[in-house]
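The sequence shown begins at 8 in the numbering used here and counts up one residue at a time.
Hints were generated in silico from the structure; no laboratory data involved.
No residue lacks a Cβ here, since even glycine has one placed at the ideal position from N, Cα and C.
Hints may contain errors.
[As the list claims (entries may be wrong)] Dumping the calculated EDC-like pairs for lysine to aspartate or glutamate here, alpha-carbon to alpha-carbon at most 16 Å: (1) Lys178 x Glu78; (2) Lys254 x Glu160; (3) Lys251 x Asp124; (4) Lys106 x Glu196; (5) Lys458 x Glu431; (6) Lys402 x Asp307; (7) Lys251 x Glu78; (8) Lys413 x Glu373; (9) Lys231 x Glu200; (10) Lys252 x Glu408; (11) Lys89 x Glu156; (12) Lys251 x Asp379; (13) Lys106 x Glu137; (14) Lys254 x Asp437; (15) Lys483 x Glu166; (16) Lys126 x Asp491; (17) Lys448 x Asp379; (18) Lys178 x Glu200; (19) Lys174 x Glu408; (20) Lys460 x Glu431; (21) Lys252 x Glu373; (22) Lys98 x Glu137; (23) Lys448 x Glu373; (24) Lys395 x Glu478; (25) Lys174 x Glu160; (26) Lys251 x Asp437; (27) Lys77 x Glu143; (28) Lys178 x Glu196; (29) Lys88 x Glu196; (30) Lys98 x Glu143; (31) Lys88 x Asp192; (32) Lys254 x Glu373; (33) Lys395 x Glu492; (34) Lys402 x Glu166.
[Claimed, not checked] Label-pair distances were calculated between CB atoms; the ranges are: (35) Lys77 x Gln481: 43 to 51 Å; (36) Lys252 x His104: 48 to 56 Å; (37) Tyr151 x Asn299: 19 to 27 Å; (38) Lys367 x Tyr151: 19 to 27 Å; (39) Gln485 x Gln161: 44 to 52 Å.
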Amino acid sequence: MDFSNELINLIKEWAPRMSSQDINNELKRAHGRIDYDPNLMQHQCNKGQLLGFIEAESLQAIEENQQKSKEIQVYLGGIVKKWSQQCAKEKRINEDHLKYCSAVLLPYGSVLLGVADSKSDIDLICIAPEFIDRREQFFNGLFYLLSNEDGMEQINKIESTSNPIIKMIYKGFHIDINFAQLNSDRVPENIDENLDELRRNLLQSEDKSLYALNGRKNGILISKSMPDHSQFVQALRIIKQWAKKRKVSSNIIGYLGGISWAILMAKICQLFPRVDVCQTVSLFFQIYSQWNWKIPVVIDESDPEIETFKTLCWKRDEDKRNDKIMQIITPAYPFFNTTFKVNKITFQTIFQEFQIGAQKLGDWNEVLRPFDFFDCFQYFVAISIVSKSSENFHKWTGFCEAQLPKLLKLIGHNEAIYDNTSFELRITPDGEENLERDYAKSLTYFLGIKKLKPDAWPLFLRIPITQFAIELNQRKLQSFKNEDEFNMKIYVANVTDIDQLRGKLSPRMYDDSDSIVKKIKMNEEDKNGSAYLVKRISSIQDSGINQEVLNDMF
Numbered sequence: 008m009d010f011s012n013e014l015i016n017l018i019k020e021w022a023p024r025m026s027s028q029d030i031n032n033e034l035k036r037a038h039g040r041i042d043y044d045p046n047l048m049q050h051q052c053n054k055g056q057l058l059g060f061i062e063a064e065s066l067q068a069i070e071e072n073q074q075k076s077k078e079i080q081v082y083l084g085g086i087v088k089k090w091s092q093q094c095a096k097e098k099r100i101n102e103d104h105l106k107y108c109s110a111v112l113l114p115y116g117s118v119l120l121g122v123a124d125s126k127s128d129i130d131l132i133c134i135a136p137e138f139i140d141r142r143e144q145f146f147n148g149l150f151y152l153l154s155n156e157d158g159m160e161q162i163n164k165i166e167s168t169s170n171p172i173i174k175m176i177y178k179g180f181h182i183d184i185n186f187a188q189l190n191s192d193r194v195p196e197n198i199d200e201n202l203d204e205l206r207r208n209l210l211q212s213e214d215k216s217l218y219a220l221n222g223r224k225n226g227i228l229i230s231k232s233m234p235d236h237s238q239f240v241q242a243l244r245i246i247k248q249w250a251k252k253r254k255v256s257s258n259i260i261g262y263l264g265g266i267s268w269a270i271l272m273a274k275i276c277q278l279f280p281r282v283d284v285c286q287t288v289s290l291f292f293q294i295y296s297q298w299n300w301k302i303p304v305v306i307d308e309s310d311p312e313i314e315t316f317k318t319l320c321w322k323r324d325e326d327k328r329n330d331k332i333m334q335i336i337t338p339a340y341p342f343f344n345t346t347f348k349v350n351k352i353t354f355q356t357i358f359q360e361f362q363i364g365a366q367k368l369g370d371w372n373e374v375l376r377p378f379d380f381f382d383c384f385q386y387f388v389a390i391s392i393v394s395k396s397s398e399n400f401h402k403w404t405g406f407c408e409a410q411l412p413k414l415l416k417l418i419g420h421n422e423a424i425y426d427n428t429s430f431e432l433r434i435t436p437d438g439e440e441n442l443e444r445d446y447a448k449s450l451t452y453f454l455g456i457k458k459l460k461p462d463a464w465p466l467f468l469r470i471p472i473t474q475f476a477i478e479l480n481q482r483k484l485q486s487f488k489n490e491d492e493f494n495m496k497i498y499v500a501n502v503t504d505i506d507q508l509r510g511k512l513s514p515r516m517y518d519d520s521d522s523i524v525k526k527i528k529m530n531e532e533d534k535n536g537s538a539y540l541v542k543r544i545s546s547i548q549d550s551g552i553n554q555e556v557l558n559d560m561f
């Protein structure tokens, strides 16, 4: 039975007249696993405790931050307008038409939904006429103008991805600017009213511009589909704070990003339109801790362009990017799976956190307690992205971070290496800066390893990490001319090393009596269990791995 179609249609038709128990029965009938007790839910909702959390986290003061964000958006929008008009003059556009040729800068993501906080990125989309292209004007002309702005703390262009953006820190705000090139020399005055036509006209054009426009369309559809938008916003803010505290919020590394959390919460709000914020958050954990993740999460939407984009829609059976581990689908056509970076390791972490949240409902202090990563694991693999200079470090970091989900996939998808009943693996969602004191800049991620069975076989990490190193090096040689400047190092440590590891990374590691990691080199000179995985990525050639590098692996 297809839960995503049948139940959504049922809820759409009957939800206004259904009691909580009625919905419970339908969930059980259609899905077979999900169950919740509406009466128990009432007792679990300690509203005073949850409101105390909201106040402590300053969620009520987000409006002040949003006002500052709007001021920055207006200012940057002015820069974009002047830049686009200059581009028009260079293309000798008639001055009478200049006012119709200006590019616009509009928000999407958490800013558009109204759930951005002081730590949220400001996601913006630059919508430009067809005579302004991405490579020359956007990534060169506009990038140069922004680089010279007072208050610009950091700026980088990320071009070689499926979602090319200008990424910057401006006056303390982290800002991502996406780009959409229309196939018309005019930009409509009211973008949202013309958004469907603009997307339709891009069907035969570049996919990147179409998906950029869909970023805004998704936010509009989610907002319109909410029975109580203010309740949705407040509940989503709480869940996003929970995700940050429990360290499962990072789209880059393979956890969930903002759009995924928004869709998950929107689904709950649609299924249960008559409950308060506290109950909504409780239901979030109860439902998703039991969800059959082979079934996609989709929200009821009303995109009028379904037939136009039908051929481009996400197709569950054809999506191979995350092997159907988890599917959270955008409402705007063409559909897009927001969780394509999720792998078996990050999925296990996310699902486990849903279950922990459901088990601890009734005590919000426990549900929202921060996860102490370094107190929860016995062993660690430290992955350090390093550079001899600060120049272009952020470009190198972005390149490496985009590759890390591939490493997790290589480990998690090999049943001969990783068995989630024998080991728990979990990676930090964010890197720690400048732990490598021998380098000008560094960013270090940690993969925690916990043995769940005393008699578990060793983790043969050499195989996936060697494969990852080869692939990373091949990509690096194609993208970075000064290869000696940029490197990646991978260490293994047990819990007794962690204080030293976070103070200054050292190749000296203690012996692992439990043999959690199968070492390649086992001789008298290796008593300390040195595990310096990749000294120099650049020493790994296209044809294979250098034997000296092999000897330094575990």
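We went through each hint and held it up to the structure:
1. Lys178 x Glu78: Holds, because 11 Å separates the two Cα atoms, which is no more than 16 Å.
2. Lys254 x Glu160: violated, 26 Å
3. Lys251 x Asp124: Satisfied, since the Cα-Cα distance of roughly 12 Å is no more than 16 Å.
4. Lys106 x Glu196: holds, 10 Å
5. Lys458 x Glu431: holds, 7 Å
6. Lys402 x Asp307: violated, 39 Å
7. Lys251 x Glu78: Violated - the C-alpha atoms of Glu78 and Lys251 are around 26 Å apart, more than 16 Å.
8. Lys413 x Glu373: violated, 33 Å
9. Lys231 x Glu200: holds, 14 Å
10. Lys252 x Glu408: Violated, at about 21 Å.
11. Lys89 x Glu156: holds, 14 Å
12. Lys251 x Asp379: It holds: about 12 Å lies between the C-alpha atoms, which stays within 16 Å.
13. Lys106 x Glu137: With Cα atoms ~15 Å apart, Lys106 and Glu137 stay inside 16 Å; holds.
14. Lys254 x Asp437: holds, 8 Å
15. Lys483 x Glu166: holds, 15 Å
16. Lys126 x Asp491: violated, 34 Å
17. Lys448 x Asp379: violated, 25 Å
18. Lys178 x Glu200: violated, 32 Å
19. Lys174 x Glu408: With Cα atoms ~14 Å apart, Lys174 and Glu408 stay inside 16 Å; holds.
20. Lys460 x Glu431: holds, 10 Å
21. Lys252 x Glu373: It holds: about 11 Å lies between the C-alpha atoms, which stays within 16 Å.
22. Lys98 x Glu137: holds, 11 Å
23. Lys448 x Glu373: This hinted pair is violated, its Cα atoms lying about 36 Å apart.
24. Lys395 x Glu478: violated, 22 Å
25. Lys174 x Glu160: holds, 11 Å
26. Lys251 x Asp437: Holds. Lys251 to Asp437 sits at ~10 Å (cutoff 16 Å).
27. Lys77 x Glu143: violated, 28 Å
28. Lys178 x Glu196: violated, 29 Å
29. Lys88 x Glu196: Given that 16 Å is the threshold and the Cα spacing comes to 13 Å, the pair holds.
30. Lys98 x Glu143: At roughly 13 Å apart (the allowed maximum being 16 Å), Glu143 and Lys98 satisfy the hint.
31. Lys88 x Asp192: Holds, at about 14 Å.
32. Lys254 x Glu373: Measuring from Cα to Cα gives roughly 15 Å; hence the hint holds.
33. Lys395 x Glu492: Holds, at about 5 Å.
34. Lys402 x Glu166: With a Cα-Cα distance of about 10 Å, the restraint between Lys402 and Glu166 holds, given a limit of 16 Å.
35. Lys77 x Gln481: 43 to 51 Å: Between Lys77 and Gln481, where Cβ atoms are some 44 Å apart, the hint holds.
36. Lys252 x His104: 48 to 56 Å: holds, 52 Å
37. Tyr151 x Asn299: 19 to 27 Å: Given a distance of about 50 Å, which is not inside 19 to 27 Å, the answer is violated.
38. Lys367 x Tyr151: 19 to 27 Å: Because 51 Å falls outside the window, the suggested range is violated.
39. Gln485 x Gln161: 44 to 52 Å: violated, 25 Å
The structure fails to meet hints 2, 6, 7, 8, 10, 16, 17, 18, 23, 24, 27, 28, 37, 38, 39 from the earlier list, while all remaining hints are met.
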